[in-house]
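K.L.:
In case you want the letters, here they are:
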Amino acid sequence: MVKNGQGRRILYAILILLFLFPFFAPRFYVYLMSLVLLYGLLATSLNLVLGYGGMFQFHHCVFYGVGAYATALILTKTQLHPIFAFLAAPLSGAMLSLIMGIICVRLSRLYFGMLQISLGSLVWAIVYRWYSFTGGDDGIHGIPVPEIIGSTNGAYYFTLIITGISMFLLYLIVNSPFGKTLQGIRDNALRSEMIGVNVKLHQLAALTIAGFFAGVAGMLFVVVDTTVFPEMLFWTLSLEVLIMCLVGGWFSFLGPMLGAAVILTLRTIVSTYTVYWALVLGITMTLVIFFLPNGILGFLEERLMRGKKADA
Amino acid sequence: MDLYGFLSQVLVGLSRTVILFIVSSGLSLILGVLRIPNVAHGSLYMIGAFAAYSITKFFGGTDIGFWAALLGAPLFVALISFIAERAVFQFLYEREHIMLLLLTFGFSLIFGDLVKLVWGGEYKTVAVPKVLQGYVLLFKHLHLPLYNAFLLVLGPIMAFLLWLFVNKTKIGKISRAAAVDREMVGAVGINVSWVFGITFVVGCFLAGLGGMLVAPTISVTLGMDHTLIMESFLIVIIGGLGNIWGALLGALIFGLAQSLGILMWPKFGIVFPYAAVVLVLTFKPRGLLKSTW
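Chains as they are written, first to last, in my numbering: chain A, 9 to 320; chain B, 24 to 316.
Warning: the hint list may mix true and false statements.
Okay, the calculated beta carbon distance ranges per label pair [to be verified]:
# : chain 1 : residue 1 : chain 2 : residue 2 : range
1 : A       : L106      : B       : G209      : 31 to 37 Å
2 : A       : P185      : B       : I194      : 51 to 57 Å
3 : A       : G144      : B       : T240      : 51 to 57 Å
4 : B       : M287      : A       : R114      : 28 to 34 Å
5 : B       : Q32       : A       : L95       : 43 to 49 Å
6 : B       : E206      : A       : R314      : 28 to 34 Å
7 : B       : M122      : A       : L312      : 19 to 25 Å
Here are the simulated lysine-lysine pairs, DSBU-like style, with alpha carbons at most 35 Å apart [stated by the list, open to error]:
#  : chain 1 : residue 1 : chain 2 : residue 2
8  : B       : K307      : A       : K208
9  : A       : K208      : B       : K313
10 : B       : K290      : B       : K139
11 : B       : K196      : B       : K307
12 : B       : K290      : B       : K191
13 : B       : K307      : B       : K193
14 : B       : K307      : A       : K188
15 : B       : K290      : A       : K85
16 : B       : K191      : B       : K307
17 : B       : K290      : B       : K307
18 : B       : K147      : B       : K80
These are computed hints drawn from the structure, not numbers from a lab.
Ideal Cβ positions, reconstructed from N, Cα and C, are used throughout, including at glycine.
Isolated chain A, as found in the complex (with noise of 0.2 Å):
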């Protein structure tokens, strides 16, 4: 993707672009692309599995979820140091994700996904009752972040940098021999069984990876919000975050970052018109299915490629 010269020069441009962000655009909109960064962040490491792995993540933000109130729980019920939050929530995100995926792991397609979301919703389930613990349906709100990362500034750079990291490592990891194992078992499980690969275990550390990143976009979720609630465990969350991905592309690497930036673009310019969003979001859902089912990126390149081959 950034082999070319041409896509890297774009690619630094962005990345110069996205650090004086802060210096010329005013608060909300600051505010709001720590948002699209964090949770292009979360709908990558969904495609991770989805677009590279081929497996049905329906319910990816329980992770995210259970992130989150990782985080947050340690802030606000404990005096350890905030570096043990920040950490807590990958950590707490990968060892569910862990749990769920060997649970999950032997069931293929639709069951796969069906499994995953009643476990998911399980766990919702506990975090939406257990009042004394988590807030129950109020969630914890005014969680104290640390005052270097606290300001609408200091938690877009945080959200920035940590962004970039994550990305970085998991562009890394798309790229490994372990990433393009993931992507031949997507093609062809059984072939790539009769080779020698172990399906099962390869499909459980990319869970785990993906469940990693989920806590990691969690985290950044409190660090820019302050608050927590069960909302983010929903199984609808999980669809909307399904759709960045169906929007932007999910076999490009990008695509579901830019997908972020779309739909959370779209609905803060229509949310100022209308309370209709969700009927908006349904038609253009409609729209990008029937026109666009690669998304946008996708599209993007398949254009280019055919513009290659007519040159050629």
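Add chain B to chain A, keeping to what the hints say.
P.N.:
What follows is chain B alone, placed relative to chain A:
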């Protein structure tokens, strides 16, 4: 709690199971034959409940209004699903499950906002008809609300009618054949697209019927689709995809786990049915009964 109170709680729980069964059997039919994980099913259930409110209101809250709603609300839902199926879904049957899941999720978002647009966001209530008010005395001290008894009678009847439709009618037989091998059914000269359309509409009719029947027992409100659709998906999965009796068994497990869970541990009652589902799927990952695919 005394034994009679306990038993009547179980019976009330069972009558809720009837509604879960009716909605899930429709979902199961659509999943089994068309292979669409129809997230919009819950929204159709919600529309059924709101339509029941409008119809009973039109008749001024009389008993005739209830019976008119019993027929009219599901038919209204069936009409909506017919339009959606012919206009959009029929072109996308060959797509991946995940695309269909997202497409139907898109429709559930659209339906949800349309309900908000038409009926507004306030709570609505539907009165139990006068004939079905009051209690029945089943045993010495065992009282049961008459409406719940009505549901308990209706459940087996619906199961029997559905069994008739799937096993004894021509269209039911064709749809079962199409569930196994749709290309072969097309090759012998049957218009598979219409078979799928009819099956879809029948499934959605059941969603509307479930919504209509639940309306007198709860307050009808936006968002009632979200928990229900998750519950019916889980019921269909633990019962076995596409198996009508599986939907009945799954609804029984889910509904009883719910009502008994609330009796035993009120705070975490909501957790029990999900735990039951996880338990079933850990040992029988493809559902308790044989699935159609």
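K.L.:
If I claimed the Cβ atoms of G144/A and T240/B lie 51 to 57 Å apart, would that claim hold in this structure?
P.N.:
violated (25 Å)
K.L.:
Under the criterion that the straight-line Cα-Cα distance not exceed 35 Å, is the pair K290/B, K139/B satisfied?
P.N.:
Holds, at roughly 31 Å.
K.L.:
Does 51 to 57 Å hold as the CB distance between P185/A and I194/B, or does it fail?
P.N.:
holds (53 Å)
K.L.:
Going straight from one Cα to the other, do K196/B and K307/B come out at no more than 35 Å?
P.N.:
Holds. K196/B to K307/B sits at ~28 Å (cutoff 35 Å).
K.L.:
Between the alpha carbons of K290/B and K85/A, is the straight-line distance 35 Å or under?
P.N.:
holds (22 Å)
K.L.:
Per the hint of 28 to 34 Å, is the separation of the Cβ atoms of M287/B and R114/A within bounds?
P.N.:
Given range 28 to 34 Å: holds, Cβ gap about 32 Å.
K.L.:
Please work out if K290/B and K191/B have their alpha carbons no farther apart than 35 Å.
P.N.:
Outside the cut-off at roughly 46 Å; violated.
K.L.:
Is the hinted pair K307/B and K208/A satisfied, with a Cα-Cα distance of at most 35 Å?
P.N.:
holds (19 Å)
K.L.:
Is K307/B close enough to K188/A, meaning Cα to Cα at most 35 Å?
P.N.:
holds (32 Å)
K.L.:
Between Q32/B and L95/A, does the C-beta distance stay in 43 to 49 Å?
P.N.:
holds (46 Å)
K.L.:
Would you check the hint for K208/A and K313/B, treating anything up to 35 Å between C-alpha atoms as holding?
P.N.:
holds (25 Å)
K.L.:
Tell me if the straight-line CA distance from K147/B to K80/B falls inside 35 Å.
P.N.:
holds (11 Å)
In summary, the numbered hints that this structure violates are 1, 3, 12.
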